[in-house]
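Engineer: One letter stands for each residue in the lines below.
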Amino acid sequence: MGTVIRTPHPREKRIIFKNIDRPGYTPGIDSYFADGGYEELRKAFTMKPQDIVAEVKASGLRGRGGAGFPCGAKWGFIRPGETKPVYLICNADESEPGTFKDRYIIHQDPHQLLEGMIISCYAVNARLAYIYIRGEFPLGAKILERALAEARAHGFLGKNVLGTGFDLEIYIFRGAGAYICGEETGLIESLEGKRPYPRIKPPYFPAALGLYMAPTIVNNVETLCNVKHIIRMGGAEYARIGRPNNTGTRVLCVSGDVQKPGYYELEVGAITLGELIHDVCSGLKPGRKLKAVIPGGSSAKVLRAGERYKLKTKQPDGSMAEREIGIEEVPMDFDSLAAAGSMAGSGGVIVMDDSRDMVWALNNINEFYAHESCGQCTPCREGSLWMKKLTARMLDGGAVPADPDTLKSVADNIAGRTICAFGEACAWPTQSFVAKFRDEFAGYAARNVPAGGHGNGNAESQP
Amino acid sequence: MDIPAELEAVIDEVIKHYPVSKRSASLPLLHLLQEHFGYITDQAIEWIAQKLEIEPVNVLELVTFYPMIRREPAGKHHIRVCRTLSCAMAGSYRLLETFCKHANIDLHARDHGGHLLKSPDGHYSIEFVECLASCGTGPVCMINDDFYEAVSDEEVPQLLQKYQ
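Chains A and B, in that order, give the protein sequences.
Under the numbering used here, the first sequence has 22 at position 22, and the numbering climbs by one with no breaks.
Under the numbering used here, the second sequence has 566 at position 103, and the numbering climbs by one with no breaks.
One chain only, chain B, in its complex shape (with noise of 0.2 Å):
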């Protein structure tokens, strides 16, 4: 596994923040070398055990936690749709598949694994995702880091332009 010495040096950088115990730095690396890889391999997670000077188990109980951590690639376009209560009211449920209509991904593929559904190409992939808080403009998603309220069924299309 390659890090980068820039990548070290704004990992060094978030360790500082966390002056009393290092650990603390273990789910800001985790975020860090996932934006970097986008995942989280076996060998990421033994490096941020050596480097923290954890065991490696230590940062694996929080990688099979936290719902953002993966441990395995997105599609090269991670779409988040809001599942929850007022987002459904506002028509959350068919937005996703109307999402996965357009993006060519199997809604149906879903199993128990956890695992990510993903277009063929890996092009897309997709997650219906526990409240984004912004309830009063559902149904709203995110696109990477780009986040969209009141998405009507018709914009999907065009949106999906957006991310080539």
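Extracted from the complex, chain A is given alone in its bound form (with noise of 0.2 Å):
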């Protein structure tokens, strides 16, 4: 109980979580002024609009939330001369299994996410815009609400910001326990006052069609972060950061089975899934080997230990060679971890060791799911519901024979058959974790179980 505070690890490079951990730094203005606060933002009004865009463009920043969109694209769908107002959503509803570092730039650095946003307001053209924030961080919107009102105060909010003629208005919005929100068009049904049922697709993107129908970017806590290190290094230099087309640092989320769980800012791809594990996070527990890593928040396909992947790189003179690795060699990227058939989404990476029983965990993770399906298209409110009462089942000691391909065929129609990738989202865990460990489910059914099995399903995972 109590706080966890620790020290930054010697291989992190703190740009984004420079201030979490500082001893003596508080969320307060004062705190953010003598860091140099908001001098970026006076940088930024010295710039156009579309000379900011173009440095997100060079910096090669792409989303923190889980897709990794280009950011610098994402803002450029905004048309020149657009005459409709312009919105920007912080999207700060942070959701997803595994990931808690927005929690961390919320409570403890909160005018670095405003300072971030002004700016990128400034750049999108945007006059009012709103933090959705989910309901359980009630703090957090406390800390945020302060923080506007110190911002107001001191002339970066408000009409005629700065003295520059740009007026801008941000707003606090509490969610209410729904994952679905943290989809952006589920997120602006329910900023319209709507049940968040996400949007049909086209359009793909909210620039065109938005919040009131009008333009609209919605960006992760993070990404906002990163603008205000970009208008400070500039584009180029922010992009030596990393590698070609990833670029920057990542903060990276780790839980489970791992000796020092926690959150660490690292160059992206300058660390291997295994040294991320054995050195940043002084390895498993002891005697105990790796079995499982889900990569990048719980709807990322699960990594098996033993696996062997193909990765693709490019050669000093250009051309390109492939080899061979396994998964303590994967660079922690995002063009890497999709080479190994998953991804870096938002960066939530959850360790499991030999001890785990991996239907227990996939019940745990559709159990998840099944609760969170927004029911607006059958396949998933339906689909989500029966994996999780399969492998519910499996638990309680009623296994049969077909429940892996059972697993498989309910998983495979429901991705792609969705409006919103909520229904990837639920079907890649159970058909991952069904095809690499299909021996373990399979087992299942020969197991001999007391009646009254392992309880609802519900059970502690016993090594």
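Just so you know, not all the hints are guaranteed correct.
[Claimed, not checked] Think about it this way: if two alpha-carbon atoms lie no more than 25 Å apart in a straight line, the pair counts; the simulated SDA-like pairs of lysine to any residue are:
1. A/Lys194 x B/His480
2. B/Lys514 x A/Arg195
3. A/Lys84 x B/Pro482
4. A/Lys142 x B/Tyr626
5. A/Lys389 x B/Leu579
6. A/Lys84 x B/Glu612
7. A/Lys389 x B/Val592
8. A/Lys201 x B/Lys514
9. A/Lys289 x B/Ala613
10. B/Lys479 x A/Glu192
11. B/Lys479 x A/Lys48
12. A/Lys48 x A/Arg152
13. A/Lys84 x B/Ser484
14. A/Lys194 x B/Arg534
15. A/Lys260 x B/Ser615
16. B/Lys479 x A/Leu162
17. A/Lys159 x A/Glu169
18. B/Lys485 x A/Ala435
19. B/Lys539 x A/Gly165
20. A/Lys142 x B/Asp609
21. A/Lys194 x B/Ile478
22. A/Lys142 x B/Glu516
23. B/Lys479 x A/Ala435
24. A/Lys194 x B/Ala512
25. B/Lys479 x A/Gly165
26. A/Lys194 x B/Gly554
27. B/Lys539 x B/Lys479
28. B/Lys479 x A/His154
29. A/Lys142 x B/Glu612
30. A/Lys312 x A/Ala435
31. B/Lys485 x A/Lys389
32. A/Lys260 x B/Glu516
33. A/Lys289 x B/Gly554
34. A/Lys142 x B/Val520
35. A/Lys194 x B/Val520
[To be verified] Now the stretches of chain A that chain B is said to cover, found in silico as 3 or more residues with beta-carbon under 8 Å:
36. 48-55
37. 175-182
38. 308-321
39. 360-370
Everything labelled a hint here was simulated from the structure, so no lab data went into it.
This one's a predicted model, so the numbers in the text were calculated from it and none came from an experiment.
In this text, a Cβ means the ideal position worked out from N, Cα and C, and glycines have one as well.
With the hints in hand, could you dock these two chains into one complex?
Structural biologist: Shown next, in the form of structure tokens:
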């Protein structure tokens, strides 16, 4: 109990998390000023909005919320000379299981977010912006309210920001416990006062039709914070951090069976999964072996220890070379994790050792998605529940030999058949767990489970 | 239903945050009324609908969708234990049981009607919720608006004592 405070690991490169857990640093604006706060905002106002968009494009910044879409390209969808009002929304609905980075920015360094957000609003010419914060962060909402009031008092918000003639209001909107509000069109519906049912695509981006059917930019908390640092360094300099097409730093959130779980800000791709687990997180628990890793939030496909992946890398002479690597050699960047068949997603890394039962783990995930499906599309609403019922029945002692195939069939009939990516998000865990741990799933049918089973499919995992 | 003047002033201010569509204020108003009354009654739904010039069903459909909006009072102190994978791996199922034991809540009284589990005296209520976004410090819980991380079973009695 109490607050867990960590000093940064030597391999970390802290930019976004520079002030997190810094002794004496408070969420107040004076702490932020002492650190050079809002200097980049003043600098940004000396630039033309389209030049800021160009810098963000040059930086190669990719969204930190899950999809990894290039931020500058998203902003570029706003047409020059747009006559409708443009809105910007900060997605602070952090709720992908395994992810816990935005929590710390919001609670400990809110002005960094606001500065990044104000610069971003200026860049896309948004005069009204909202921070959609999940309902389970009541303290975070209060801290942000206070930070907004401070920013307003200093002339960073309101009419005629810093005498530039630019008007901007930012308001907080609190969610109420629904994961689907992290999906940007669901979020927009929620903000419009409707049920958060994601919208049919196309249009694929709210930049075309978003809040109140006007062009809208939705960015994750960490993404918006990065904008401030791109202004400070310049896009080209920022792009030197990390790897080509995988620039900047990434806050990786590690949980599960490691000695030191926590958040670690690392250059994208500068570290392998094995180094992350064994060096940065001090390794697995004593006597345990690695069994599986979910590398990018619970909807990312699971990686199995012992798997081999083919990774294409660019050589110094420009040619492409293919090499085969194991799970621990996978670099932690967008493209490598995609090549390994999974995704960098939201940066939530869940590590499981050989004490973990994969049916139990999948059932836990299935229960999450069954609870969080918004219910709009039948394959997802029904399928997520069926998958949960199947894995729960397996844990309860009612497994049958057809279970792995049934699970796969249900999952295959959700992915690609829904309005939003939740369909994939709930199907990928089942598809990957069953495919990669098929023996373990198939073996359940042969288990001699006493009447009463393991109890409601909820039992603690027993090593 | 009696809305105190100062609460209505807050409500009127919040509505101004949505200059394009008052309907956007429906979830913020549900939060405010739930904070004040403890839960959302039929009268609260109608009051919000009238205030925002929408149909009551537009408000009701939000009440029935969002897990955090309640139709019945919670206990004097409301406990939320995180259920999702990382916390479960860190022992949250056991933590839920420990909380129930010390708060005198019958965990097996769970039904499918979405009713909150409460102690007989109404002092505590408990909910097993989905990811609270602190997976690195599991198991985590919230008591009212306070957040606690890396909670051990042994700490539960002293934690509950803080909420009398």
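Engineer: Now tell me, hint by hint, if it's right for this structure.
Structural biologist: Hint-by-hint comparison with the structure:
no. : hint                : result
1   : A/Lys194 x B/His480 : 17 Å, holds
2   : B/Lys514 x A/Arg195 : 19 Å, holds
3   : A/Lys84 x B/Pro482  : 15 Å, holds
4   : A/Lys142 x B/Tyr626 : 21 Å, holds
5   : A/Lys389 x B/Leu579 : 22 Å, holds
6   : A/Lys84 x B/Glu612  : 45 Å, violated
7   : A/Lys389 x B/Val592 : 18 Å, holds
8   : A/Lys201 x B/Lys514 : 33 Å, violated
9   : A/Lys289 x B/Ala613 : 24 Å, holds
10  : B/Lys479 x A/Glu192 : 14 Å, holds
11  : B/Lys479 x A/Lys48  : 31 Å, violated
12  : A/Lys48 x A/Arg152  : 23 Å, holds
13  : A/Lys84 x B/Ser484  : 15 Å, holds
14  : A/Lys194 x B/Arg534 : 19 Å, holds
15  : A/Lys260 x B/Ser615 : 17 Å, holds
16  : B/Lys479 x A/Leu162 : 23 Å, holds
17  : A/Lys159 x A/Glu169 : 8 Å, holds
18  : B/Lys485 x A/Ala435 : 49 Å, violated
19  : B/Lys539 x A/Gly165 : 49 Å, violated
20  : A/Lys142 x B/Asp609 : 12 Å, holds
21  : A/Lys194 x B/Ile478 : 16 Å, holds
22  : A/Lys142 x B/Glu516 : 28 Å, violated
23  : B/Lys479 x A/Ala435 : 52 Å, violated
24  : A/Lys194 x B/Ala512 : 13 Å, holds
25  : B/Lys479 x A/Gly165 : 22 Å, holds
26  : A/Lys194 x B/Gly554 : 36 Å, violated
27  : B/Lys539 x B/Lys479 : 32 Å, violated
28  : B/Lys479 x A/His154 : 22 Å, holds
29  : A/Lys142 x B/Glu612 : 20 Å, holds
30  : A/Lys312 x A/Ala435 : 24 Å, holds
31  : B/Lys485 x A/Lys389 : 41 Å, violated
32  : A/Lys260 x B/Glu516 : 53 Å, violated
33  : A/Lys289 x B/Gly554 : 20 Å, holds
34  : A/Lys142 x B/Val520 : 30 Å, violated
35  : A/Lys194 x B/Val520 : 11 Å, holds
36  : 48-55               : violated (count 0)
37  : 175-182             : holds (count 5)
38  : 308-321             : violated (count 0)
39  : 360-370             : holds (count 5)
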